[in-house]
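**Q** Here's the letter readout for the chains.
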Amino acid sequence: MDQESKESTDRSSLVSDDGKNSKSVLCQRCGSKVLCPGTAVLAEKELFLPSMRKKSGLSSTEASVDGDTLSAHWFVDDMYTFENVGFTKDVGRIKYLICADCEIGPIGWHSLDDKKSFYIALDRVNHA
Amino acid sequence: MDPRYDIPRRAAGGGGGGSANSSPALGAQSRRRKMPPRPADFKLQIIIIGSRGVGKTSLMERFTDDTFCEACKSTVGVDFKIKTVELRGKKIRLQIWDTAGQERFNSITSAYYRGAKGIVLVYDITKQETFEDLPKWMKMIDKYASEEAELLLVGNKLDCETDRIISRQQGERFASRISGMRFCEASAKDNFNVDEIFLKLVDDILSKMPLEVTNKELSNSVLSLQPEPEVPPELPPPRMRCC
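Chains P and F, in that order, are what the protein sequence lines are.
Heads up: the first sequence begins at 1 in the UniProt record's numbering, then just goes up one per residue.
Heads up: the second sequence begins at 1 in the UniProt record's numbering, then just goes up one per residue.
Calculated directly from the structure, the hints in this document are not laboratory data.
Even glycine gets a Cβ: it sits at the ideal position worked out from N, Cα and C.
Treat the hints with care, as some may be off.
As the list claims (entries may be wrong) - Here are the computed distance ranges between Cβ atoms for each label pair:
#1 Glu129/F to Asp77/P: 39 to 47 Å
#2 Gln28/P to Ser179/F: 41 to 49 Å
#3 Arg52/F to Asn126/P: 35 to 43 Å
Let the sequences and hints guide you as you build the complete structure.
**A** This is the structure we're talking about:
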């Protein structure tokens, strides 16, 4: 693991030697369990996720949406790997992933063009 | 919150059961890697159907306060959820589809029904017409759903008892006329009986299954992310809204 910044130092504590999540992935708001330890792989991919703040709207015109481009994600190739997760309806070719219990989100990203890729943004979840 | 529904969550950090939990002194970090994550034992698809406004979506939710992300909620909406329950020592992944927005009977594609192992049919105990719609929903179930699908009739909005129009007995009577249909009343608003609905349904589904079959066949019978695109000619395109 690269440790050039504080962020990646923090990150390395979340990743086991085999590149998987060493901790449970939990909803930041309600603690609902999204992934069990050792079930997802750390992946670098730049993905735009609309803001989790209440006011911003998820609309199909991305230009008007407030959000972040995030690059560190937990990747799984099968949706049944998730303990609990919700999928929004389609926004273009994207489905956003949300907490299955309190529905906060988006916490992740899935493209309908790649049925074997599901991403959960590290910055949008807790690890414990 | 029903603790039973939350078993996976409370086991945070344990990666599912079966670990060396008898030795609390062991370093969790070094140990953890040696336990392979426990996969789900079963995967089941459940759909929630019923007339407009009966509270189908609320049955999928845990919290009904307004603090969740409005962006997801009202603009885009939730398509389906993966939820994990543990029952009879098995870990079961549920894929739960809410058909809200497709309430006109014929606008729900047959694909939703076809793969469902459990069907939750909801009416509103304060609205006569939602109860009168039940036979029409049953027709759809008869037409498209697997004969083995477990059926559960839910009279929702028990929190509005003072406005009740449909008696508990009426609901019971309707369910008793359909073989194998279970009945309960619930309040999604108060989270009363909501988790039980899913647990009950899953329990029924599990008890019907010969155990050897389940693991192999089920994992393959699970629907993919989207219902099959194929739509029978007599049905309008999926996701049709009424206005």
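**Q** Next, verify each hint and record whether it holds.
**A** Results of checking the hints against the structure:
1. Taking 39 to 47 Å as the suggested C-beta distance range, the pair Glu129/F and Asp77/P conforms, at roughly 45 Å.
2. Taken as a hint, the range 41 to 49 Å holds for the pair Gln28/P and Ser179/F, whose Cβ atoms sit roughly 46 Å apart.
3. Separated by about 37 Å at the C-beta atoms, Arg52/F and Asn126/P satisfy the suggested range of 35 to 43 Å.
Checked against the numbered hints above, the structure breaks none of them.
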